[in-house]
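Colleague: Given next are the chains, with one letter for each unit.
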Amino acid sequence: MDEPTAPFEFLGLTFDWGTILSTLLAMAIVVIVSILLTRRPTVRPGKRQNVIEYLLDFTNGIIGGQLKKQQARQFGLYAFTLFFFIVVSNEMGLLLQLQWTDGVTYIKSPTASPIVTMTLAIMSLTIAHSIGVKELGFKGYLKNMLFTPYAWMLPLNIIEQLANFLTLSLRLFSNIFAGEMVLTLVSTSLAWPGHLNGFWSVLSLPIEMLWQGFSLFIGGIQAYVFVILTGVFISQLSGND
Amino acid sequence: MFGLTTLAANKLPLGNMLFVIISFLLLMLILKKVAYGPLTKVLDERADKISADIDGAELARQDAEKLAVQRQSELADTRQQATQVVAEAKASAQKQSDSLISTASDRATLINKQAQTDAEKLKEDAISNAKNDVAALSVAIASKLMQKELSLNDQQALIDAYISDLETK
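Line by line, the protein sequences are chains A and B. With the working numbering, letter number 137 in the first sequence gets 137, and the count goes up by one each step, no holes. With the working numbering, letter number 130 in the second sequence gets 130, and the count goes up by one each step, no holes.
Here chain A stands alone, though its shape is the one from the complex:
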């Protein structure tokens, strides 16, 4: 599955057009939807405002279930942005995949790239760790992270911290990546036997629809899981439990 990419170098750093364009598109969708839904918010909400208020309430609820009230308020914006962006990213690839003539997929789900999910995981964990240091002091933070509940669990705790990063990023990536891969397989490989092309395409359509529906569901679940795990890590590292 080594797809061609369109990398370029800038200031000695490697960029990749596919990721950049997909991310930008997802963010543009998030911003546009937010603007459309939040125009002139009122105390008595209208239909559009109800939708985005429900979303905000949902993310606030995810974070509020994990953190203390004041902390939850502090991370409301982060959880909201994270959830909104991941949901849009997850579902975007189901709706739209653009492949240019050079074989590079320029538009797909950004979260189908491990680099993006790892970056998101790094962000969440950086926030969680810095909150831990801020809440407990550096010594307290180390003690809480590495020697809790017993000092001899140090090796396990180190492995746990590494595993946190990998599970957080790779869970999201693999779900979305696999979903899109199966989708591509269904739509292309089922139409493989040449002379029955039309017939197989028609046959593949309901399967594709089923899989798209399932992937929509998976995309929502994964975004929810990502945000809730972010909350859990913040809560754990700041010694809440």
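Everything labelled a hint here was simulated from the structure, so no lab data went into it. Everything hinted at is true.
Under the rule of at most 30 Å between Cα atoms (straight-line distance), these lysine-lysine pairs were calculated in the DSSO-like manner:
#, chain 1, residue 1, chain 2, residue 2
1, A, 69, A, 143
2, B, 41, A, 134
3, A, 68, B, 32
4, B, 49, A, 69
These numbers come from a predicted model, not from an experiment.
Mind docking chain B on chain A? Use the hints.
Modeller: For chain B alone, coordinates are given in the frame of chain A:
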């Protein structure tokens, strides 16, 4: 699989990571300005309004209760006052009529007494007149009888004694 192969090739696409982080932070800023900020403000306003409304309703209820109690007690007071006024009026009317009656009866007694004394006086006057007349008559008769001038004054005492004798009899 772009990401993992480049990872394996030890050529981490740091640019992508940087781009994602920076654009995510920008997205957060924009969303804060566009959606999260205004929405949170509105939600807070709503929460404040609801809690203020609940407090206000509670206060209004308490006020209403207080007013009702006050009105009740005022009503009872008024009723009591009315009863008192009526009672006072009754008492004063009673007193007035009593005093009127007693004045009237006093007057009646007085008039009665006056009449009695007047009558007595009249009677006395009549008696004394009659006495005098009787005396004069007696004297006249006696002088006629005796053909002798008897001094009225000399015989007055005697006549009085006779008359009082008569009265006692």
